[in-house]
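Use the sequences and the hints to build the structure in full.
Protein chains: 2
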Amino acid sequence: MKVYLAGPEVFLPNAREVLDRKIDLTRRYGFTPVSPGDLEVPAIDTKRGKGLAISSINERLMMSADMIIANLTPFRGVAADVGTAFELGFMCARDCPAYAFSNVVGDHFTRVAALHDGDIRPDAHGRPRGPDGLAVEDFDMVDNLMLDGGIAVRGGTVVTRKVDPGKLYTDHQAFEECLRLAADRFLK
Amino acid sequence: MKVYLAGPEVFLPNAREVLDRKIDLTRRYGFTPVSPGDLEVPAIDTKRGKGLAISSINERLMMSADMIIANLTPFRGVAADVGTAFELGFMCARDCPAYAFSNVVGDHFTRVAALHDGDIRPDAHGRPRGPDGLAVEDFDMVDNLMLDGGIAVRGGTVVTRKVDPGKLYTDHQAFEECLRLAADRFLK
Numbered sequence: 015m016k017v018y019l020a021g022p023e024v025f026l027p028n029a030r031e032v033l034d035r036k037i038d039l040t041r042r043y044g045f046t047p048v049s050p051g052d053l054e055v056p057a058i059d060t061k062r063g064k065g066l067a068i069s070s071i072n073e074r075l076m077m078s079a080d081m082i083i084a085n086l087t088p089f090r091g092v093a094a095d096v097g098t099a100f101e102l103g104f105m106c107a108r109d110c111p112a113y114a115f116s117n118v119v120g121d122h123f124t125r126v127a128a129l130h131d132g133d134i135r136p137d138a139h140g141r142p143r144g145p146d147g148l149a150v151e152d153f154d155m156v157d158n159l160m161l162d163g164g165i166a167v168r169g170g171t172v173v174t175r176k177v178d179p180g181k182l183y184t185d186h187q188a189f190e191e192c193l194r195l196a197a198d199r200f201l202k
Numbered sequence: 015m016k017v018y019l020a021g022p023e024v025f026l027p028n029a030r031e032v033l034d035r036k037i038d039l040t041r042r043y044g045f046t047p048v049s050p051g052d053l054e055v056p057a058i059d060t061k062r063g064k065g066l067a068i069s070s071i072n073e074r075l076m077m078s079a080d081m082i083i084a085n086l087t088p089f090r091g092v093a094a095d096v097g098t099a100f101e102l103g104f105m106c107a108r109d110c111p112a113y114a115f116s117n118v119v120g121d122h123f124t125r126v127a128a129l130h131d132g133d134i135r136p137d138a139h140g141r142p143r144g145p146d147g148l149a150v151e152d153f154d155m156v157d158n159l160m161l162d163g164g165i166a167v168r169g170g171t172v173v174t175r176k177v178d179p180g181k182l183y184t185d186h187q188a189f190e191e192c193l194r195l196a197a198d199r200f201l202k
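These protein sequences, in sequence, are chains A and B. Under the numbering used here, think of the first position of the first sequence as 15, with each following residue one higher. Under the numbering used here, think of the first position of the second sequence as 15, with each following residue one higher.
Be a bit skeptical, because a hint or two may be false.
Claimed, not checked - Calculated lysine-lysine pairs in the BS3-like style (CA-CA distance at most 30 angstroms, straight line):
(1) B:K176 with A:K61
(2) B:K61 with A:K176
(3) B:K64 with A:K176
(4) B:K181 with A:K64
(5) B:K16 with B:K64
What the hints assert, rightly or not - Rough simulated footprint, nothing fancy, chain B against chain A, three-plus residues with beta-carbon under 8 angstroms:
(6) 100-107
(7) 152-161
If you are wondering where the hints come from, they were derived from the structure by calculation, not from laboratory data. C-beta atoms are modelled at their ideal positions from N, C-alpha and C, and glycine is treated no differently.
Okay, structure coming up:
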């Protein structure tokens, strides 16, 4: 069973090392890892051409996979990396089992409330809104309901864990818990 | 041809009005609109149950659609709304044509550079990185390469437009340009 390893680890200075560790852990739990960066990007002249080539490689890798484990740890803000969210949606549409983890505890509502220094008030319909007027989802979910919902309806779990702030993208314990849950479900 | 209208407009105080305007414009260009909020959410006791119900409705709406137009205008930070990114990935996996727009001009690189007050430097391999060590994608793309790439490979376009700051989520001109492009391609 092939597992696509989605997440913003590709942006880390030590991306290769971190991805290799995830690949190694995935194998230890009995799965075949499929990881962005597995294939060589061809030499292409333009920036945009290179970006398109990487996108195409990653789509091909996802098409070869049977399951996804997505790292939804907030990235440059209050929400998950949008590339990872795209990939999670992609694999959900293929009806693949989906798991996810975040190395930040506290749900979506808590993070958006913190962004607004707690200034969240109910509107006339009781719907919580920030000072910008935008509604704040309050569904006891780790991130946007499409992400949590897509995972849940396919039998998956979002594992959260508080880690050392310096290990936000490199602590693998929540990731490993996803592997454990998936192995219990599919490989026992 | 049914078009799923993805975007963070659902969070606006005047969401219904804005969605109705998008629905109306979609019909004017000859498409059948499919919009989050089209179906009634059943009464459910728990917050999480309600979130799951909305997710399930939106997935069903996407499964009924043939194309997506996604609003990638940055939302609570430098990137698109993650729910919209999920939906874009979902529709790309179904191999539906995908279009997108952003009411912010300037590419992903420019926005992340601004987030870091311009402090972006090449690493030893020439890859641009912020002071946090994270690589900054520099592919002449509006957002993460999976989003731009998924749209491009399916023949779509990401339309960007500078709008009045007060109309960031309510100016429909870039959205309308997506409708125009899609109508020229599919309805002529």
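In ascending order, which of the hints set out earlier in this document are inconsistent with the structure?
4
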